[in-house]
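Peer 1: So the chains spell out like this:
Protein chains: 2
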Amino acid sequence: MSQQPSQSLPSLVALRAFEATARHRSMSRAAEELCVTHGAVSRHVKALEATLGVPLLARRGTATDPTPEGQRLAEGLTTAFGVIHATLERVRPGPLTLSCSASIMLCWLIPRMAGFHRRNPDVQVELNMNYDKVDFSRDNISLAIRSSTIPPPRDAIIRELGAEWIGPVCAPDYLAAMPLVTPDDLAGAHLLATNTRPEAWRDWAEVTGNGGLTLKAQRSFDHFYLLIQAAACGLGVAVVPHMLALSELQSGRLVAPFGFTPGARHLRLWISPQAAIRAELKALEAWLVGEMATFGAAPRPEARGGN
Amino acid sequence: MSQQPSQSLPSLVALRAFEATARHRSMSRAAEELCVTHGAVSRHVKALEATLGVPLLARRGTATDPTPEGQRLAEGLTTAFGVIHATLERVRPGPLTLSCSASIMLCWLIPRMAGFHRRNPDVQVELNMNYDKVDFSRDNISLAIRSSTIPPPRDAIIRELGAEWIGPVCAPDYLAAMPLVTPDDLAGAHLLATNTRPEAWRDWAEVTGNGGLTLKAQRSFDHFYLLIQAAACGLGVAVVPHMLALSELQSGRLVAPFGFTPGARHLRLWISPQAAIRAELKALEAWLVGEMATFGAAPRPEARGGN
DNA sequence: CTTTGTTGTGAGTTTAGCTCACATCCAGTG
DNA sequence: CACTGGATGTGAGCTAAACTCACAACAAAG
Chain A
22 MSQQPSQSLP SLVALRAFEA TARHRSMSRA AEELCVTHGA VSRHVKALEA
72 TLGVPLLARR GTATDPTPEG QRLAEGLTTA FGVIHATLER VRPGPLTLSC
122 SASIMLCWLI PRMAGFHRRN PDVQVELNMN YDKVDFSRDN ISLAIRSSTI
172 PPPRDAIIRE LGAEWIGPVC APDYLAAMPL VTPDDLAGAH LLATNTRPEA
222 WRDWAEVTGN GGLTLKAQRS FDHFYLLIQA AACGLGVAVV PHMLALSELQ
272 SGRLVAPFGF TPGARHLRLW ISPQAAIRAE LKALEAWLVG EMATFGAAPR
322 PEARGGN
Chain B
22 MSQQPSQSLP SLVALRAFEA TARHRSMSRA AEELCVTHGA VSRHVKALEA
72 TLGVPLLARR GTATDPTPEG QRLAEGLTTA FGVIHATLER VRPGPLTLSC
122 SASIMLCWLI PRMAGFHRRN PDVQVELNMN YDKVDFSRDN ISLAIRSSTI
172 PPPRDAIIRE LGAEWIGPVC APDYLAAMPL VTPDDLAGAH LLATNTRPEA
222 WRDWAEVTGN GGLTLKAQRS FDHFYLLIQA AACGLGVAVV PHMLALSELQ
272 SGRLVAPFGF TPGARHLRLW ISPQAAIRAE LKALEAWLVG EMATFGAAPR
322 PEARGGN
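Protein sequences, first through last, are from chains A and B. Under this note's numbering, the first sequence has 108 at position 87, and the numbering climbs by one with no breaks. Under this note's numbering, the second sequence has 128 at position 107, and the numbering climbs by one with no breaks.
Do not take every clue at face value.
Where chains are identical, the list cannot tell them apart; a pair therefore holds if satisfied intra-copy or between any two copies.
Here are the simulated DMTMM-like pairs of lysine to aspartate or glutamate, each with C-alpha atoms no more than 20 Å apart in a straight line [claimed, not checked]: (1) Lys67 to Glu54; (2) Lys67 to Glu110; (3) Lys67 to Glu306.
Since the hints were derived computationally from the structure, they do not count as laboratory data.
Based on the sequences and whatever the hints tell you, model everything.
Peer 2: This is how it looks when you write it as structure tokens:
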């Protein structure tokens with residue numbers, strides 16, 4: 022409530038530079054702490070002494086000890102910056118939480134996450150394995166990856182990530198034993214699916230213009246990542262999103278005899294309105310969009326043919 | 022001693038902007054306090070919310086009240102900036118003190134001082150009327166104007182202000198009654214001097230090449246400003262420094278029948294080494310040097326002839 | 001005397017922070 | 001319901017504070 026206009030108070034940056042200098046008893050080390058050059062600190066201290074009109078550091082030889090005034094000033098400043106620091110800590114919210122399905126997390130997100138952390142070393146991201154609806158005000162979730170088939174909460178900010186490309190995959194050995202040249206050949210194959218998406222084969226038949234075929238899974242698994250493992254082990258043929266099978270396709274553990282086709286589903290980002298202001302979130306969002314565009318829903322050209 | 026490197030702490034300027042906003046419950050008023058536009062404050066608050074990841078102000082309609090987090094943050098910041106403020110006050114030294122002779126102060130400095138305060142509204146200057154030696158570590162003096170005839174203290178920083186121009190002056194009426202055409206005419210005049218510089222007439226005779234004349238003051242005064250008043254009242258002719266008689270010459274209360282000549286003395290600034298770092302002192306010093314060059318020791322061309 | 005570690009500084013560059021001008025939104029009012 | 005006044009938000013562009021770089025100065029230690 023007080024705080025008069027105050028003539029010519031020195032720059033806060035300079036005050037911080039001096040505080041660090043006094044604490045370390047060295048401009049060079051202060052500069053290191055503040056991630057600037059020693060020259061920058063030197064100038065700040067000099068400017069501070071000029072506007073204050075008091076020598077703050079006694080330069081005897083190579084030692085830089087604070088003068089009595091400098092000492093008093095430094096103590097006050099250390100206290101003040103400590104208060105600022107503590108206050109900020111209390112206000113700063115927890116890490117970002119990203120929610121997605123177990124399959125996306127295991128097959129797509131986790132293998133790529135290291136790249137994000139390399140580019141943004143100090144953004145913490147917590148992962149939440151969940152594919153239900155989300156209540157941003159109740160659940161502690163900043164960001165969710167969801168299919169367009171799930172209605173988003175009213176307050177969510179939506180960001181489209183593009184269509185999900187789907188296609189049948191199987192082990193190379195399986196394909197050798199059971200040639201799949203036309204979709205009709207699938208009739209004789211052992212068809213696999215997930216419990217979460219039992220209609221996957223029918224959907225694929227429709228989007229590829231084979232609506233006439235009646236393809237029915239003979240066995241199903243709880244998650245796509247199990248399904249993918251099953252297919253890779255030669256248990257049969259599975260329709261899977263391309264993005265989830267990418268690493269198996271690249272390593273040759275899976276092949277895609279009919280390539281991939283844009284499916285009916287789209288992937289979306291649901292963004293919490295509270296978290297939307299966070300700069301870290303923007304970084305994560307941009308990275309997700311970028312990854313999705315590069316290694317995501319749309320198969321890269323060379324993967325198209327079935328690798 | 023703690024104070025970790027701290028990732029991405031927000032700019033202190035932004036923190037101050039937010040603190041003022043929360044205190045005034047208005048960005049516009051905060052901007053006014055900080056002498057910036059409301060736009061600047063708006064950006065700072067937004068940036069702070071982004072790096073912190075928490076909404077700090079609840080924008081309902083036209084009212085800007087802090088959110089609970091904003092409130093907590095603002096309280097901490099107010100405390101911290103209060104500590105900084107108080108600490109600075111305790112360290113900040115008193116006003117600059119300028120020492121000079123009574124005559125310089127009354128005849129030259131005080132009439133010009135208003136100009137300095139107009140250009141530097143928030144630099145306080147205390148005046149010290151004294152013409153002795155100075156001990157900067159004992160006397161509380163930042164700056165002294167002294168003649169080159171007085172030896173400066175060892176630690177003083179010296180700044181030359183130029184030669185002192187001297188010349189005989191008297192009232193116009195006096196000159197009419199007692200024409201002074203050549204220096205020889207002074208023999209019949211009533212010669213005045215100061216106690217502090219009894220040899221003024223001899224000095225003037227020497228520097229004007231009239232060393233042969235023996236001019237002796239018949240009456241003397243304690244200070245130049247008394248001497249100048251005496252001459253203006255028609256009591257006789259006085260040798261005075263041009264800078265001290267400027268306003269009387271301009272107003273026509275005094276005339277200088279022989280003009281002015283550079284005397285043997287120079288004026289100097291003695292600068293306290295402790296105060297030398299003060300930015301305010303540099304402003305005062307520059308102003309003094311400038312004034313001295315413009316209206317100072319060297320007479321301006323049109324005043325040369327004796328006005 | 002050389003080496004090493006420190007701070008000071010002139011010159012030039014980068015960028016945070018600012019202004020300006022206009023957009024937007026809301027409340028109150030005729 | 002348009003209109004006016006007072007607040008904040010924002011794109012574009014500018015300025016000055018802050019920074020870097022490279023070199024100088026200087027003290028301490030070998």
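Peer 1: Indicate, hint by hint, whether the structure satisfies it.
Peer 2: Structure-based check of each hint:
1. Lys67 to Glu54: within (19 Å within a copy, 27 Å between copies)
2. Lys67 to Glu110: between (31 Å within a copy, 18 Å between copies)
3. Lys67 to Glu306: For Lys67 and Glu306, the Cα distance is within 20 Å only across copies (19 Å; inside one copy 43 Å).
No hint from the list above goes unmet by this structure.
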